[in-house]
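Trainee: Residues per chain, in single letters:
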Amino acid sequence: MTENETQQNPAAAATPPELRLTCPPFDPARLRRQMALDAAYRWGVFIVVVVVLSLGSVLDPSAGHLALLVLVGMVAAWFWLSINSARAMALVNQASLLIEQDPIRAETLLAQALKRWPMQRPLRIMLYHRLAVLRHRQQHYAEAAAIGQELLTFNLAGAERGAGAGWLAGFFSRRGMGPLRANLLLMVVECRLYLRDLGGAYQGLMELHGASLGLLESLQRMALQTRYEIMAGYYPAALADLPHKIQMAELMPPAHCGAMHAMLAVAARAVGKEDLATWLRQRTELLCTPEQLRALGVE
Amino acid sequence: MNTTTTQFVPPSARQIREHLDRYAVTGPSRLMMWLPTAGLAAVIVLSFTGQGAGLFLAWLLLLGIVVFTSIRAGRTRSIEQRAVRVQELALLRHYPQALRLSWRLLPAVTVNGEVHGRLVALMGHALEQVGAYEQAIVVYDWLIERLPQGHPASLQLQAQRAIAQIAAQRLADADRSLRSLRGVADGSPPGPLSAAYRLAILYQLVHTGHDEDALAVGGNLVDELRPLGVEAGLGYALMATAEQRMIQRRPEEADHYQSEARTWWTRATLLMPARVLRARFPEIPAELEGLAASLAPSNPVARERGPQPHD
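If you read the protein sequences in the order shown, they are chains A and B. Last residue of the first sequence: 299 in this note's numbering, with the numbers rising by one and none dropped. Last residue of the second sequence: 311 in this note's numbering, with the numbers rising by one and none dropped.
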């Protein structure tokens, strides 16, 4: 931890150095391997239990005792999975609360959770999602985008319902985009924009436009699309349907609302609408500070 | 609450209190929590003791457990989605609809304290926004009583309650609420709590005619109210009101106060339409709207603007 980080974050300084762990650089192959091993463990236990339950009573009494022993072993294995998942979930939940205030401590907790095996599938997805959020917070946009992109290749239905929902959730999930998938896509698009990868951002935006989103996700999509249009020089597109955009921007948190106004002011100035640009700029000044604008990547 | 007509009639304070007490948080049922585990234990016992029919019963029970847990998971998810819908309606300022849905949803969320608390808070906010201040106070009281003292949500609710109390002319109660917040809000960093507290103080001062005191608050008001977003316009309009009143009290400094009134009113109307400001705080004098016509910056999008979120 640098001196600067310590000054900015006194809470982080309180974390003893020996307790600070860092997550290894993201490797998609490792994530896939972990997911496969988790699945093998769960299905292995499940299949053995089903076989023992099916055959246990048809075998002779001495074999029945052996079957009971195997069944107890499998129940213990299932409990181990549940206990391990519960412990990892506690770490992930704690890390989620600390990502904004104390990223170093959050990373330590996530690193501890990453070492655990086996784990329920939705929890593994949630763990990597939080890691992506942390990397985004640390402005490691390339890694955050890579994690998000990899997670998007999995079926997220179970994770959408929370880690406790288990394997049944996937069977009963609704079609369409859930909040986790939308959240990942929004984060990936934002990272791509920070990395100036307009092609990647465009693809993500297209996918977001094809989905039915909630109000909060729609607001984020609108802000990202406006940023994309300004970066790509599509100023008239950024100003299209302006009354509706301003109406929607007013529903955002104040700093984000101000950032949206600042971006629209840039577009208005670029197309020569000085009155509009001035009006938008004046509103920006009342809604957020220059520091907040910088933090949101809007200069 | 009248749900059979299209005309929105907010429930009375007594109805609200009864509804909240009847559907208070109870926590998840222990029976429901242990039922799947008990079922699984029964499956194991049956599969080892039973033959033929017993084994069939074990499989049937297993299927029952799967269906039971799936239905419970689906129901929980449906309730959470409806709670999100209430939040969206409130955000879009469709307060009567948000209130109706939260009222109907409350009985279903007594097992989930977090969703229950969120719904009740939204109910209070919606009541305040439709001008049902007495009812909003009941909701805020109910929530504050149940939150730990000093909890950030409780402090925020106390600030909101103070504004509702002033609007409902319960000035002594409002003063008590603001006094209890003073130490905490003054020491807290700029954020929603300190901004809500500043707005409440300003409203109290302007409402009770302490205009000079209100002007003394205004030094750093733009920075202090910024966390409120466009709602900060309410605070700027109150400042303009205080400045405008000072013109009559000190005619010798009329130019100064008029200039200040214009500045604050310009800021207020940059963020919120004048009619919305006056609808929220009737204390705002009509003369200020005249200032807007001549001095406020023209709103280039107003002409093409459709229905506003404040409407």
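By construction, these hints were calculated from the structure, which means they are not laboratory data. Among the hints, a few may not be true.
To be verified - Short derived list, chain A residues pointing at chain B, Cβ under 8 angstroms:
{"#": "1", "residue": "Thr-22"}
{"#": "2", "residue": "Val-45"}
{"#": "3", "residue": "Ile-47"}
{"#": "4", "residue": "Val-51"}
{"#": "5", "residue": "Leu-213"}
{"#": "6", "residue": "Glu-250"}
{"#": "7", "residue": "Arg-283"}
{"#": "8", "residue": "Cys-288"}
What the hints assert, rightly or not - Simulated restraints on C-beta separations:
{"#": "9", "chain 1": "B", "residue 1": "Val-111", "chain 2": "A", "residue 2": "Leu-37", "range": "46 to 54 angstroms"}
{"#": "10", "chain 1": "B", "residue 1": "Ala-216", "chain 2": "A", "residue 2": "Lys-115", "range": "54 to 62 angstroms"}
{"#": "11", "chain 1": "A", "residue 1": "Ser-54", "chain 2": "B", "residue 2": "Ala-24", "range": "18 to 26 angstroms"}
{"#": "12", "chain 1": "A", "residue 1": "Gly-210", "chain 2": "B", "residue 2": "Asp-186", "range": "28 to 36 angstroms"}
{"#": "13", "chain 1": "A", "residue 1": "Lys-115", "chain 2": "B", "residue 2": "Val-184", "range": "24 to 32 angstroms"}
{"#": "14", "chain 1": "B", "residue 1": "Ala-24", "chain 2": "A", "residue 2": "Val-50", "range": "52 to 60 angstroms"}
{"#": "15", "chain 1": "B", "residue 1": "Gln-169", "chain 2": "A", "residue 2": "Ala-90", "range": "42 to 50 angstroms"}
Where is the CB? At the ideal position from N, CA and C, for every residue including glycine.
Trainee: Each hint should be assessed against the structure and marked as holding or not.
Mentor: Hints, verified against the model:
1. Because the beta carbon of Thr-22(A) sits about 30 angstroms from the nearest beta carbon in chain B, more than 8 angstroms, this interface hint is broken.
2. A cut of 8 angstroms between beta carbons decides the hint on Val-45(A): the least distance to chain B is about 13 angstroms, and the hint is violated.
3. For Ile-47(A), the shortest C-beta to C-beta distance to chain B is roughly 14 angstroms, which exceeds 8 angstroms, and the interface hint is violated.
4. For the restraint placing Val-51(A) at the interface with chain B, the shortest Cβ-Cβ distance is roughly 12 angstroms, beyond the 8 angstroms limit, so the hint is violated.
5. Restraint check, Leu-213(A) versus chain B: the minimum CB separation of about 11 angstroms is more than 8 angstroms; hint violated.
6. Checking Glu-250(A) against chain B by beta carbon gives a least distance of about 5 angstroms; that is within 8 angstroms, so the hint holds.
7. Of the supplied interface hints, the one on Arg-283(A) holds, with its beta-carbon coming within about 6 angstroms of a beta-carbon of chain B, less than 8 angstroms.
8. Because the beta carbon of Cys-288(A) sits about 7 angstroms from the nearest beta carbon in chain B, less than 8 angstroms, this interface hint is met.
9. Range check, Val-111(B) to Leu-37(A): Cβ separation about 35 angstroms, and the 46 to 54 angstroms hint is violated.
10. Evaluation of the 54 to 62 angstroms hint for Ala-216(B) and Lys-115(A) yields a pass: the beta carbon distance comes to about 58 angstroms.
11. Judged by the Cβ atoms, the range 18 to 26 angstroms given for Ser-54(A) and Ala-24(B) is violated: they are separated by roughly 47 angstroms.
12. The given range of 28 to 36 angstroms is broken by Gly-210(A) and Asp-186(B), whose C-beta atoms sit roughly 50 angstroms from each other.
13. With their beta carbons about 41 angstroms apart, Lys-115(A) and Val-184(B) fall outside the hinted range of 24 to 32 angstroms.
14. About 43 angstroms separates the C-beta atoms of Ala-24(B) and Val-50(A), a value inconsistent with the hinted range of 52 to 60 angstroms.
15. Checked against the given bound of 42 to 50 angstroms, the beta carbons of Gln-169(B) and Ala-90(A), roughly 49 angstroms apart, stay inside it.
In this structure, the earlier hints numbered 1, 2, 3, 4, 5, 9, 11, 12, 13 and 14 are contradicted, and the remaining ones agree with it.
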